[in-house]
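Just so you know, the sequences run in chain order A and B. Under our numbering, the residue at position 123 of the first sequence is numbered 247, and the numbers go up by one with no gaps. Under our numbering, the residue at position 12 of the second sequence is numbered 65, and the numbers go up by one with no gaps.
Since the hints were made in silico from the structure, they are not lab data. Just so we're clear, the structure is a prediction, and the values are computed from it rather than from any experiment. None of the hints are false.
Derived, one-sided and incomplete: chain B residues facing chain A with beta-carbon distance under 7 Å: (1) L85; (2) A99; (3) F101; (4) I103; (5) W106; (6) E120.
Cut-off 25 Å, straight-line C-alpha distance, at most; resulting in silico cross-link-like pairs (DMTMM-like, lysine to aspartate or glutamate): (7) K105/B - E381/A; (8) K105/B - D236/A; (9) K128/A - E122/B; (10) K377/A - E273/A; (11) K68/B - D272/A; (12) K128/A - E120/B; (13) K128/A - E113/B; (14) K105/B - E370/A; (15) K128/A - D169/A; (16) K197/A - E227/A; (17) K268/A - D84/B; (18) K68/B - E239/A; (19) K268/A - E405/A.
Sample of chain A residues at the chain B side, in silico, Cβ under 8 Å: (20) I126; (21) Y232; (22) S233; (23) T259; (24) P261; (25) H310; (26) I314; (27) E337; (28) L339; (29) N372; (30) A375.
We put the CB at the ideal spot given by N, CA and C, even for glycine.
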Amino acid sequence: MIDKALQNLRQSMRAIGRPVSLMEVCGTHTMAAFRAGLRTLLPADLQLLSGPGCPVCVTPSAYVDQAVELSLKPGIMIATFGDMVRVPGSRSSLEKSRAQGAEVLVVYSPLDALEAARRNPGRQVVFLGVGFETTAPAVAWSIKTAADEGIPNYLVYSAHKTMPPAMNALLQSGESKVDGFLCPGHVSVIIGSRAYGFIAEGFHVPCVVAGFEPLDMLQAIGMLLRQVEKGQAMVENQYRRSVAPEGNITAQKMLAEVFEPGDAAWRGLGMLPGSGLRIRERYAAHDARIAFSLAGPEMLSPEPPGCRCGDVLRGVCTPLECGLYQKDCTPAHPVGACMVSGEGTCAAYYKYEKQAGQQQ
Amino acid sequence: MCLAIPARIVDLRGKQAVVDVDGVQRSIQTDLLTGLQVGDYVIVHAGFAIQKWSEQDVAEYRAIMEEMERLDQGLAPEGTDD
Ligand code: SF4
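Full structure from sequences and hints, please.
Listed below in structure tokens is the structure:
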């Protein structure tokens, strides 16, 4: 199957007869491609660009700053996915707060955060809601459950975002040259493959929803190249075993019950209208933003000096073109979020392309 | 954060389920799906089942994994120690 897939895509590349750039929108795809050594197998004139699909990476520093400040208040317990703990804000990080005595709990699921709130009625447990459509329905459920069961000390500080507006912004700017999108597998489980129709129709850019195994990705790349070769642009679904055209309706309903679209700032992409998920007024009692008068998700903040995370997230440059990469910025001492997250492009390069970086 | 591995439901009480992933059991919520039964395979994300896989989907996944294993030596790039 692999040989066949590789053969097909090499054939397409010959037929296309020019360099092609494909963007894998999802950070998990970036990692999977490196881990399996896919990049070394692909023809040299086929470039894989990473996109804005690493949730922690696109969360602006200002959000981290607000979370850090909150964590140092008495009676507060922060619950968060692990990657957020080490992300540098503009002055500090949650890791440093913790060293100063703040309670920062790392969880795998909002279920654990809700449980922490149940068990610590004397504390305000604030879950940092970071993630796309895959994670947001689970967080929506936790908020609804806290409301239904009367767990007043469970709050969420939402920086949740939705993927299609970011892809739209990338194409609108015209800055990143993308011949096709490998659409994020698990975001698509929720929103469905149909959600990308506007990209194929409006921008004439091919889209293929891809699974996460190396073979899935190779097949999806082959499908994209075939569209490029034929001058087509449509939405195809390689990841049928998980993704339906209409997505997961139950999860969409849960999402819409608790959240409504709001403006949100993205690292690298700036303010994107309607790209964020705001907690609806009916659940305001569980909205940390209101309870603690925190800045909203629409605030913009500068990048750390010299960090090109924003450009990396737009597919404008690779980490190798950042002056700090490997010198001042490493996973042990990250300057930007893209070096911290397990789905971050800089972290992936550092882990798997160290040699290539040193040769540059 | 994304686990694309099929998890088998071994116990289901209301919307709470216990799943088995390669011999490791953990408890999850199934509120984001309807009509699940013990024995079904689901994909789990952040403690929630987000999609159900049919027998056919699981078979497709297994075929892919077998293929990967077969080619593993030939494919493994140098310097990865994951
Ligand atoms: S290598 Fe570090 S400083 Fe450079 S873009 Fe990546 S995260 Fe930012």
